[in-house]
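> The residues making up each chain are set out below.
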Amino acid sequence: MFWNMFASRLKCLFRDKTVIFWTALFPIVLAAMMYFAFGGFMEGGEMEPIPVAAVETVVSERNEVFLSVFREASQEAGDPLFDLRIVEQEEALRLLQEREVDAIVEVGQTVTLKVLENGLEQSIVKSFLDQYLQTQHMLETLMQKTASLPGAFGEMNFVSQSFTKEVSLGGATPNLTLSYFYALMAMACLYGSFWGLRNMMDIQANLTPLGARRSIAPAPKWKVILSDAAASLVIQTIELLALLAFLILALQVDFGQQIGLVILTCVVGSMMGISFGSLIGAASRQSEGVKIGMLIGISMTCTFLAGLMFVNMKDIIARYVPVLSYVNPAALLADAFYSLYMFGAGSRYWMNIVVLLGITALFSFISYCIVRRQRYVSL
Amino acid sequence: MSVFNTSMKILRSKLPILLIYVVVIVMVSILMMAAMGSQENVSDTFEQKGCAITVINRDLGGKLSEGLEEFLFRTNQKVSIDDDKEKLQDALYYENTAYILLIPEGFSEAFLAGEEVFLSKTTLPDSIESYYVDMQIDQYLNAVRLYMQAGIKNTEEILEFVSADLDSSANAEIIVSENPNSDDSQLHIFYFNYLSYSMLALMILGISTILISFHQKDLYRRNLCAPIKLIRMNGELILGISVFAGACYFILIGCGLALHWEKLWDFKLLSLLCLNFLVFSIVCVGIGFLTGVFVRSYNVQSAVANVVTLSMSFLCGVFVPQSIMSASVLKFSQFLPAYWYVKANHLIGSLSDISLEQLKAILGCLGIELLFAAALFAAALAISKKKRFMDCL
Amino acid sequence: MVIEVSNLVKRYGDRIALDHFNLNVAKGEIFGLLGPNGSGKTTAINCILALLKYDKGSIRVLGTDMTPDAYEVKRRIGVVMQNVAVFEDLTVQENIQYFCGLYIPEKQKRDTLVQEAIAFTGLEDYVKTKPKKLSGGLLRRLNIACGIAHKPQLIILDEPTVAVDPQSRSNILEGIRRLNREGTSVLYTSHYMEEIEQICTKIAIMDQGRVIALGTKEELKSMIKTGEKISVEIQGLAPEYLASIRALPHVERVQYDKDRLEIHCSGGRHNLIEVLHDLSEKNLSFGRVYSEPPTLNDVFLEITGKQLRD
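Protein chains in written order, with the working numbering: chain A, 421 to 799; chain B, 21 to 413; chain C, 46 to 355.
There may be inaccurate statements among the hints.
[To be verified] Covered stretches of chain B (in silico footprint by chain C; criterion: 3 or more residues with CB under 8 Å from a CB of chain C, positions within the stretch not fixed):
hint, stretch
1, 21 to 28
2, 231 to 239
3, 243 to 253
[Stated by the list, open to error] With a straight-line cut-off of 20 Å between C-alpha atoms, the simulated DMTMM-like cross-links for lysine to aspartate or glutamate are:
hint, chain 1, residue 1, chain 2, residue 2
4, A, Lys585, B, Asp238
5, B, Lys69, A, Glu537
6, C, Lys270, C, Glu242
Calculated directly from the structure, the hints in this document are not laboratory data. Note that the Cβ used here is the ideal one computed from N, Cα and C, for glycine as well.
Work out the full structure: start from the sequences and follow the hints.
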């Protein structure tokens, strides 16, 4: 009998086009849109050459040397630092006003930087100019000192050397854009609540005629509830895995190496979402429309706090209101995906999963208590 | 005015859903205001911009390390994080710090002894920040090494020289832009860009709700049986929709102005932005019409509204600035009206003077928006005629 | 004449929906249009209301040629469609106000009419209710209220009682009679012959796009041969006996099925006695005996050779 109930429930849910749309199609569409919008920085911030206009107001040997150094920095093979244009004064101003260049370097008696605003690009140009002047200053100091000190000028190595080495802290490459997609997965999990709500609507005699009919049937209620829950869990998990496949295969979103645990997270997320929807369905006495509104509203607030709209939100909450990130299922899910990606299956990941399971158990227990052996004041 | 009144009543019954989109824009604008308000004001003197860096100094007591650290924090902001791997990774991931420098134990000694030693860094790959900080570190250490090679043995003396050398800096000035609001206008652009999301959602939901109600098959026939000219009925419907669109237009702009009057008030800028928004609102009405013609049920309606508004907003640079979107996506976005709306907003924001050329570019965008609107209305009319005919059989 | 339709032809592609359809409704009549599903009743109504284009024929309503912009005529017609056509988002009262507002521009007059329509349909307790919360019967009443609030001279009802419970149905029928007594002409379509028989003063039976019979119900019934239908519960009847019954005077048709003998007789005063006499003469024991006048179904059956309702 259980299988019969399970199978017909599965069929029934699969045909609910509205819920299928919100739980399966909508997250996929949203993911695609986000991918297109963030497509530019999925690869991380590439260093682009900084456009600079140089103007030589006084022609002198010294300035020529400077400009040749400048040019060299703009022609380095591979990744040049600057995109240099040597132009007339007026042209330079025009370029600056139209933001064709970030800065003007005026080479006259002294070297002057002219910019419209303070920014990192401008600061890099400034640093470059500073370096030139500092080296000049240094050479002057050295001239004085070497005259007094023994040791030959010729032995000195003027070639600039790099003293830093990139080390990884272990784990994967940080990429903030991924967080958007982790938060999206969390949202899709929470939208599983639509199934939970539907289950509750269909089982309570005071909510729908179908619920009334099923309350009369001789099947034990726990069996009905269990078969409904199992059917919705199967559908929701399939939908999440489809979304996951879309993210990984089509959009190349990196979920780390442990795909098995990613899938486990999806299953836990589905359970959480369904139990959350059941709770709303069982606990609230409002009409179905209001309940759906509540689901969307709560899901959206949770995912907002987990960083779907503003990616740093999750971190801000975690640092300033840490309690909130332990009770917000969306944040827990997003953090589970994140920690799995960054640190692998460590204590942080399992912590998230355990708390999620706890929340799921709590939600399910409360809804079961409400629904079990209910008789209604009014139908 | 029965039709008009009824269309208003129908909208009233959808008020809670419609209000969500007004609340969204209000919330977002407040959040954004808060975020932007905390930013330092635009200065008219040049300030070396730094980035947020974290230095983990394990070389305690090393003179060179101290000197380097001091030099780096002259221009960069210090972000203190415990020497804990997970916390450091978190900070880097969420971009709270852009550069983590690890000075190993005994670095100063080894470097001054002429050994080949390195500093460890962890950065966001290929970021401009990492390049910038590298440049500063190398400059400092190269200078120190140069003095060592010159034969100066006294560490303190070297550091003094280096410090003096690094004090020299190029003159830098900020040219007063001919467009004084270039930075302020960010807020305007942001607000008006976001308005497009709310407006589009409101128009799709509102207009399609009215049209779905009036174009139910039998109800439509019932209307046809009434002694009221079709043209009058459609006229009243159009009036109702116009009133609704107008109300949304003023409410959305009004919310922003009421909340952030001091920051947003700028007549020249606002008038152009409002004009652009007006044109885009017409496009939104067109999209709403088309949706209303196609869609027959409320479930489908909210699905369409969500997908269309979110896609349009993501693809056209409403949520994410066009400047950081990839060129190929933007090429596609040109086939969507919101792209031109957002583009026009940015053009208006960076308008330094009302020169003919710049105005032409802006008007070009508005023209394209109008063309979109015309195409949408034409399509909606053609389809509705065909559909109506089929329904009446 | 309130409605004059002559030689109306309407084709949907190859299919002929109305085939030289003629209809005349006189003032003060409740005119019933009876026919099986798909016989063209709704098509005819849609043509009369100028909702549909037609291929041939002429339609005059209230003395004027009916066209889509005959607004003066439309003002005097009330229509109740087959399906409930109201705004989901408006309350009962708001719905009636809207439809009445399409006919009556003056607000004051409209308000009294709306109140009257609410009272007429017995919806007083539901004025603030939205249609979604109304039961099927109440919803139908709202549908009717929307169509008649403006006190039209002619009301066209297209199957207004489909899927309505018996109580609401008799309510609706009673209401139509009441309107008629107040001077309203009514055109009423249905495939329920009982309803038509109950309220209509004149009836047209339609089949395959034509009117196949027309008249009062008495006239219609007298058109056919059957004047009386006698059924007898009787067990194990020998086939040869059927022939002897057929030989009785006035008997038109005899049928024996499932222990039930059915005898169609033409008009005559003593048919029942004749039959019973014959049965007792042959010493046949029988159970219940019924004698009924013919129904419209019999009329339809005899003219077309098929049942009115399948």
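> If a hint holds in the structure, say so; if it does not, say that too.
Status of the hints after comparison with the structure:
Interface restraint, the stretch 21 to 28 of chain B with chain C: holds (5 residues with C-beta to C-beta distance below 8 Å; minimum three). For the stretch 231 to 239 of chain B, the proposed coverage by chain C is satisfied: 5 residues have a C-beta within less than 8 Å of a C-beta in that chain, meeting the threshold of three. For the stretch 243 to 253 of chain B, the assignment as covered by chain C holds, since 8 residues bring a beta-carbon within under 8 Å of that chain's beta-carbons and 3 suffice. Our distance criterion of 20 Å between C-alpha atoms is broken by Lys585 (chain A) and Asp238 (chain B), whose separation comes to about 76 Å.
Simply put, Lys69 (chain B) and Glu537 (chain A) have alpha-carbon atoms about 10 Å apart, close enough for the 20 Å limit, and the pair holds. For the suggested pair Lys270 (chain C) and Glu242 (chain C), the alpha carbons sit about 19 Å apart, so the restraint of at most 20 Å is met.
When each numbered hint is compared with the structure, a violation occurs for hint 4 only.
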